[in-house]
Structure formats: C-alpha cells, structure tokens
Amino acid sequence: NTQAFRDKMHSNLIKQTWTVFFPYIYDVIFIFVLLSDLQDNIHIQAIPANAFRGLCTQTVEEIRLTRNGIREVASDAFNGTKMHRLSLKGNKQLTHISGDAFVGSSELVVLDISETAIGSLPDNIISGLKKLLAESAYHLKILPPPQQFAKLRLAKLTYPSHCCAFKNKPRSRSKWSPLCSHPMAKYITDFYRDHCSNSTSITCSPTPDNLNPCEDIMSPVPLRVLIWIISVLALLGNTVVLVVLLGSRSKLTVPRFLMCHLAFADLCMGIYLIIIATIDMLTHGHYYNYAIDWQTGLGCSAAGFFTVFASELSVFTLTAITVERWHTITHALRLDRKLRMRHACVIMAAGWIFSSLAALLPTVGVSSYSKVSVCLPMDVESLVSQVYLVSLLLLNILAFFCVCGCYLSIYLTYRKPSSAPAHADTRVAQRMAILIFTDFLGMAPVSFFAISAALKLPLITVSDSKLLLVLFYPINSCSNPFLYAFFTRTFRRDFFLLAARFGLFKTRAQIYRTETSSCQQPTWTSPKSSRVMYSLANTLSLDGKQEC
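With UniProt numbering applied, the sequence shown covers 1 to 548.
Derived by calculation from the structure, the hints in this document are not laboratory data.
Heads up, a few of these hints could be off.
What the hints assert, rightly or not - Computed list of lysine to aspartate or glutamate pairs in EDC-like fashion (alpha-carbon distance at most 16 Å, straight line): (1) LYS456 x ASP379; (2) LYS151 x GLU115; (3) LYS131 x GLU62; (4) LYS92 x GLU61; (5) LYS141 x GLU115; (6) LYS151 x GLU107; (7) LYS156 x GLU135; (8) LYS131 x GLU107; (9) LYS130 x GLU107; (10) LYS92 x GLU115; (11) LYS131 x GLU61; (12) LYS82 x GLU107; (13) LYS167 x GLU215; (14) LYS141 x ASP379; (15) LYS82 x GLU62; (16) LYS156 x GLU115; (17) LYS92 x ASP40; (18) LYS456 x ASP209; (19) LYS167 x GLU72; (20) LYS82 x GLU61; (21) LYS167 x GLU107; (22) LYS167 x ASP216; (23) LYS130 x GLU62; (24) LYS92 x GLU135; (25) LYS130 x GLU61.
Stated by the list, open to error - Between beta-carbon pairs, the in silico distance windows are: (26) LEU398 x ALA117: 19 to 29 Å; (27) SER136 x GLY405: 47 to 57 Å; (28) GLY299 x PRO220: 15 to 25 Å; (29) LEU395 x PHE482: 32 to 42 Å; (30) ILE451 x ARG501: 23 to 33 Å; (31) VAL384 x ALA117: 30 to 40 Å; (32) ARG513 x THR239: 23 to 33 Å; (33) SER136 x PHE482: 49 to 59 Å; (34) SER127 x GLY365: 23 to 33 Å; (35) ILE451 x GLY247: 16 to 26 Å; (36) LEU398 x LYS131: 34 to 44 Å.
Just so you know, even glycine gets a beta-carbon here, dropped at the ideal spot from N, CA and C.
Generate coordinates for the entire structure from the input sequences, incorporating the hints supplied.
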C-alpha cells in the first residue's frame with residue numbers, strides 16, 4: 001500500500017535481494033527522508049529513468065547505491081530529485097553515466113564514484129559539486145577543465161597527477177562577492193577564502209610526489225626549444241652518416257663498420273628525444289590529464305627502450321672504436337694481429353645483446369619506465385632496481401676510463417721522437433682532447449647525479465634533471481657525427497662522391513677524385529715510424545684509408 005508509511009518514513013533500506021529490476025520509488029510522498037539506501041544487490045544492473053520520482057517534494061540528504069551490480073545509469077535517472085549526496089561506490093562494473101542522468105535534479109554537492117569503472121563525469125553536475133570522491137576509479141583518467149569545478153573544496157582521486165589540475169585554480173571575477181571590497185573582509189578567513197581570494201583552496205589527494213611534480217614534460221620554454229633543436233640535429237646528423245657510409249662504394253672496413261653502429265645508436269637517441277618533444281607539445285598545459293595514459297602506455301615504454309638501448313650501444317661502440325684505434329697503432333707492425341671484420345661482428349653482436357637486455361629489464365619489473373614523464377628508469381624502490389641502475393652507470397664510467405687510457409697510450413706512442421715530427425704534436429693532442437672532453441661532458445654530470453639518486457640520496461629534483469636530459473645526456477649523439485665523420489676529410493670525400501652520383505656537387509667530387517689518385521703515403525725517418533704514423537692516420541680518419 002503506497003499510503004502505508006505516508007508521513008512517517010525517514011529512510012529506506014533495500015539490501016542483498018535477488019531482484020534484477022530496480023525498485024522504483026514513486027507514488028509515495030515522503031515528508032522528510034534522510035537516506036535512501038540500496039546496497040549489495042548484485043543482480044541490479046541499471047538505474048532506469050525516473051527511478052526516484054517519489055522523492056521529488058523534499059530534499060534527500062543521501063541516496064546510497066553502493067556495491068550493487070549497476071553497469072549503467074540511464075537518462076533522467078535522478079529526474080526530480082533534490083539530493084545532497086549520491087554514492088555509487090563499489091559498483092565495479094559501472095562504466096557509463098548518461099550525460100542526461102541528472103537532468104531535472106538539483107542540490108547535489110557530494111558525488112562518490114570510488115571503486116567504479118567510470119571513464120568520464122557528466123558535465124551538468126560538475127559546477128555544483130563541493131566534494132568529489134573517486135578513489136580506486138582507475139578508468140577515470142581525464143577530468144573536465146578545472147574551471148568547471150566552481151565550488152569544489154575536496155577531491156579524493158585515484159591519480160596524483162589529477163590534483164595538479166586544482167593547484168592554484170584561478171577564480172573567475174564574476175564569482176566574487178561585492179562584500180570583498182569591505183576592509184574587514186580579509187579578516188573573516190572562511191568568507192575571504194570562499195568568495196574573495198584570487199585562487200580557490202581545494203584539498204586534493206593523493207598529492208603529486210617528487211618524481212611527478214605538477215608541470216609539463218618540458219616546462220621552461222628554453223628547454224622546450226632546446227630539445228627540438230638537439231633532437232633534429234641528432235636525427236639529421238646520424239641519418240646523413242648512415243646514408244653516406246652505407247651508400248659509399250668504398251670497401252666496408254672495420255672502422256666504417258663500427259661507425260655505422262655508432263650512428264645507428266645515436267639515431268635511436270634522436271628518436272627518443274623527438275618522441276618526448278612531440279608528446280610535450282601535444283599535452284602542453286594539461287599534461288595532468290594525459291600523464292597516466294602516457295606513462296603506463298606502450299609509448300613511454302618504447303621511448304624508454306630507445307633511450308637505454310641507444311645510450312648503452314653508443315657507449316659500447318665508442319669504446320670499441322677507441323680500442324680498435326689503440327690496437328691498430330700498438331700492433332702496427334704485426335699484420336697477423338690486425339682486427340678482422342669477423343672479430344668486429346662478434347664484438348658488436350655482444351654489444352647489441354647487452355644493450356637490448358639492459359633496455360628490456362625495466363619492462364619486466366627491474367626498475368620501470370613509467371615512474372617519470374621522460375620515461376627513464378628512475379624507479380629505485382627495490383634492491384634489484386638499485387643494483388641495475390648503479391651497475392649500468394658504473395659500466396659507463398668504466399668505459400670512459402677505458403677510452404681515456406687508450407687515447408693516452410695512443411698519444412704517448414705518437415710522442416715518441418722516432419714516430420712523428422714535433423710540429424704535429426699539438427694538432428693530435430687537441431683532437432684527442434676534444435674527443436675525451438665531449439665524452440666526459442656526456443657522462444660525468446648524468447652519472448654523478450644518477451648514482452646519487454639510485455642510492456636514494458638525490459641531489460637535484462626531477463625538474464632539474466630534465467636540464468641534464470636535454471643538455472648533457474644526448475651530447476654525444478649530436479657531437480659524434482661531427483667528430484667522427486663530418487670533420488674527417490675521407491667522410492667529406494665519400495659524401496661528395498655519393499652526391500655526384502645523383503648529379504650534385506660534381507666539380508667538388510672531381511677534385512676529391514683527383515686528390516685521391518695522386519695521394520701517396522708520407523715518408524718518415526724509419527720503416528717502423530712510417531708504419532706507426534700510417535696506422536695513426538688511418539685510425540684518426542675512421543675509414544681505414546690515409547687522409548692526404
């Protein structure tokens with residue numbers, strides 16, 4: 001009987017039933033209802049239109065629809081209701097709330113959609129909400145613009161990045177109270193905060209951590225410009241090197257073979273930088289809405305793989321090139337000890353395997369690429385992750401000292417009175433110093449701060465580390481094409497000869513052909529010194545042929 005509880009019911013509870021249909025509440029006029037509670041009814045799958053028509057005369061404090069089997073909230077579901085709080089918590093299969101579900105409804109100030117699969121919020125209720133509870137709502141990855149939450153004071157969300165949207169959210173001047181101009185207004189704390197301050201005060205959790213501060217991927221404008229410049233330089237420079245080396249008709253020597261691998265590794269670093277720069281451009285100003293999809297998606301994992309693979313393969317190949325130079329000079333008179341192509345293939349196969357494994361480990365739980373927006377393996381929560389990062393960094397430092405030792409040995413060999421004329425000392429020393437200095441710039445700052453962070457003693461913030469990422473981390477990828485290719489005469493010769501095959505720079509190519517045909521091996525004071533200098537000339541030009 002619809003009149004049975006007339007004027008008497010303050011709340012209604014429907015719990016743990018087997019009904020599959022939503023129990024309509026209509027034709028019952030309640031004078032004062034505190035709570036309408038429908039929970040733990042796992043067979044109810046939808047809230048139909050006008051489901052609460054009987055609650056339209058008075059304000060309902062709360063409608064609680066927790067832990068049901070609800071999957072959808074239909075249009076006009078809450079038509080006519082005047083409710084303060086609505087809880088849909090625990091409906092884990094709830095994926096959709098119709099945009100018109102709250103048409104005809106009013107006074108909703110608290111919405112709880114925790115532990116649901118909702119992916120978006122209805123626009124027509126956002127402006128009136130004062131509290132939004134969306135904990136463990138993992139599908140809610142994109143929030144409406146923060147300006148739409150005009151009255152929001154408390155937000156309990158799933159992802160820390162979403163709280164960045166409400167940090168110092170500006171208030172529209174149209175919302176200011178005329179009383180704000182009164183001299184005493186600022187002394188009334190609650191009133192001034194709610195009606196007069198330039199920004200709203202919103203309590204939001206979980207708060208962003210040190211690894212994910214409230215900023216874009218590349219926040220300062222100069223950094224955003226620099227990453228584009230450096231990435232384009234790395235891409236173009238290393239692409240040109242690969243095209244010239246692979247397109248040349250000259251014999252593929254061991255130095256050329258190693259240089260191809262170095263250019264490919266540095267090209268991968270350029271790809272990583274261009275990915276980061278592109279994502280930063282696309283998400284600029286609202287990265288908080290894309291942080292979760294980006295950092296946990298395949299894109300970030302791919303970018304992280306590219307950068308670790310490129311970094312390790314580049315270091316490995318640079319070391320191999322330097323050791324090959326040292327070996328060639330040290331054993332200049334022993335042709336039987338010359339490094340053959342088969343040896344180089346085995347060495348680089350080992351380098352590829354090592355670099356691939358190092359890049360794959362963060363994808364299987366040893367550290368992680370999803371910890372920071374730039375997709376570097378900066379997760380050091382576990383001991384295994386710490387060992388992984390510290391080991392990689394120490395190997396890079398060891399490789400640097402190996403390079404320094406080889407160049408020192410080469411220089412000492414070159415300094416022998418029987419090996420070279422004195423006037424050539426300075427030029428060779430300067431060239432070796434430049435090679436070592438660029439290696440040091442790319443390795444030292446990054447390794448120092450990365451090791452301190454891996455040991456949980458960070459000396460700089462993630463924001464500061466992005467400066468290292470752009471200025472120092474890829475420095476070798478940009479400089480290697482110049483130092484090991486463009487600045488060598490033999491590479492320029494191969495470039496112009498290749499271009500001439502396409503009808504370009506024919507005159508310059510002819511000059512190089514003439515010089516090559518007339519080039520003769522220089523004569524030194526003894527056969528031994530002649531052989532050493534010939535090997536040195538070969539190694540410094542990186543092509544197995546003497547520069548003339």
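Given pair status - GLU61, LYS82, alpha carbons within 16 Å: 8 Å, holds
Is the Cα-Cα distance between LYS92 and GLU135 16 Å or less? 12 Å, holds
May I ask you to test the hint 34 to 44 Å on the CB atoms belonging to LEU398 and LYS131? 56 Å, violated
Does GLU62 lie within 16 Å of LYS130 when you go C-alpha to C-alpha? 14 Å, holds
So does GLY299 sit 15 to 25 Å from PRO220, Cβ to Cβ? 23 Å, holds
Is it true that the C-beta distance of SER127 to GLY365 lies inside 23 to 33 Å, as the hint says? Because 43 Å falls outside the window, the suggested range is violated.
Is the Cα-Cα distance between LYS82 and GLU107 16 Å or less? 6 Å, holds
Would you mind confirming whether the straight-line C-alpha gap from LYS167 to GLU107 stays at or under 16 Å? Violated - the C-alpha atoms of GLU107 and LYS167 are around 26 Å apart, more than 16 Å.
A range of 49 to 59 Å was offered for this pair. Does it hold for the Cβ distance of SER136 and PHE482? 52 Å, holds
Compare the distance between the alpha carbons of LYS141 and ASP379 with 16 Å, and conclude whether the hinted pair is satisfied. 22 Å, violated
With a cut-off of 16 Å on the C-alpha distance, tell me whether LYS141 and GLU115 pass. 14 Å, holds
Please verify whether LYS92 and ASP40 have alpha carbons no more than 16 Å apart. 12 Å, holds
Taken one by one, the earlier hints fail for this structure at numbers 2, 4, 14, 19, 21, 26, 29, 30, 34, 35 and 36, listed in ascending order.
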